[in-house]
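A.B. asks: The primary structure of each chain is shown beneath.
There are 4 protein chains.
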Amino acid sequence: MATDQDATCKRLKRIEGQVRGIVRMIEEDRYCIDVLQQLQAVQAALARVEDAVLKDHTATCVESAIASGDAGEQRRKFNELVDLFARTKR
Amino acid sequence: MATDQDATCKRLKRIEGQVRGIVRMIEEDRYCIDVLQQLQAVQAALARVEDAVLKDHTATCVESAIASGDAGEQRRKFNELVDLFARTKR
Amino acid sequence: MATDQDATCKRLKRIEGQVRGIVRMIEEDRYCIDVLQQLQAVQAALARVEDAVLKDHTATCVESAIASGDAGEQRRKFNELVDLFARTKR
Amino acid sequence: MATDQDATCKRLKRIEGQVRGIVRMIEEDRYCIDVLQQLQAVQAALARVEDAVLKDHTATCVESAIASGDAGEQRRKFNELVDLFARTKR
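Residue numbers (the working numbering), protein chains in the order written: chain C, 1 to 90; chain P, 1 to 90; chain Z, 1 to 90; chain F, 1 to 90.
Isolated chain C (complex conformation) (with noise of 0.2 Å):
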């Protein structure tokens, strides 16, 4: 687990790199369109870290949820996917 968040932290510190990196492109004057093909890396890598938080996520927190036998814990664990899930989308 500590593995996984480690690597999740680097990854994280990869992205803040870029989007400092976009700004120093908006401040040298950089062709729009390469600026905006930059902010779309930076949703592919921030949506690849998503990935891996909620795999995470199942991988431990529902998996304790299910281990606990606990109904009403369970139901908020699904829940709260759920919500997630409707937000992404839009």
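Possibly wrong hints are sitting among the right ones.
Each pair may be met inside one copy or between any two copies, as identical chains are not told apart.
Stated by the list, open to error - Once the Cα atoms are required to be at most 25 Å apart in a straight line, the calculated SDA-like pairs of lysine to any residue come out as:
#, residue 1, residue 2
1, 13, 75
2, 13, 45
3, 55, 37
4, 55, 30
Since the hints were made in silico from the structure, they are not lab data.
We have chain C already, so just place chains P, Z and F on it with the hints.
C.D. replies: For chains P, Z and F alone, coordinates are given in the frame of chain C:
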């Protein structure tokens, strides 16, 4: 539940009609941008159907997995949701 | 061009059939996750139709706006694309 | 124009801070769903930056392609937009 399914079927039949309308627009050589806007309207309508089906799913299949106390079944339900979620994003 | 339009109409008729198939799935009480996957398949097919219509639009309407040398007409065409783009993202 | 670019840079610096905040959340072992919600907030903020850059692009680069009366240049600008559009959708 049956009422929800009726409502969903009615919505899908309306969407079917919208798709048929787009075929007609193309045959009548209507302006591309109008066609594209109609395509967007159909996709928005499909997204609302997805929300409704997902809500049904939570209220029925997910609830019965929780009630069953069957950990394997609950795990399957979570994984299905997470897979669906991953596919929707792209 | 006419061939492209024929191909697009054929795809849309296939999509119409897919939507009708989903109505049947719901009436037959098929598993929600299977229904959701079919809804995703229809949305992917619609996205491909959008791509095709957009490509037609560029090859015809946009080209004729460029050929016309009419700045107002060109501006209109750009704005329509940008508006469409803004709506698609959400 | 310069004002618009300043505003966009300011937004991107705020986004950079948000990404750094998510790294901290993960290091502090915060709840996955809260992390996922923050990731969604960052993506929504990036989408707003995209809109702003695209608007700038239309007001400047696209306008000067229209003013130039250069058909090749106009075609290039249209194609760039359509390509960007195609990539955004998926």
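A.B. asks: Each hint needs a verdict: does it hold in this structure or not?
C.D. replies: Outcome of the hint check:
1. 13 with 75: neither (34 Å within a copy, 32 Å between copies)
2. 13 with 45: both (11 Å within a copy, 18 Å between copies)
3. 55 with 37: For residue 55 and residue 37, only the inter-copy Cα distance (15 Å) is at most 25 Å; the intra-copy one is 27 Å.
4. 55 with 30: The answer is between: 15 Å across copies meets 25 Å, while 37 Å in one copy does not.
Going through the hint list in order, the structure does not satisfy hint 1, though it satisfies all others.
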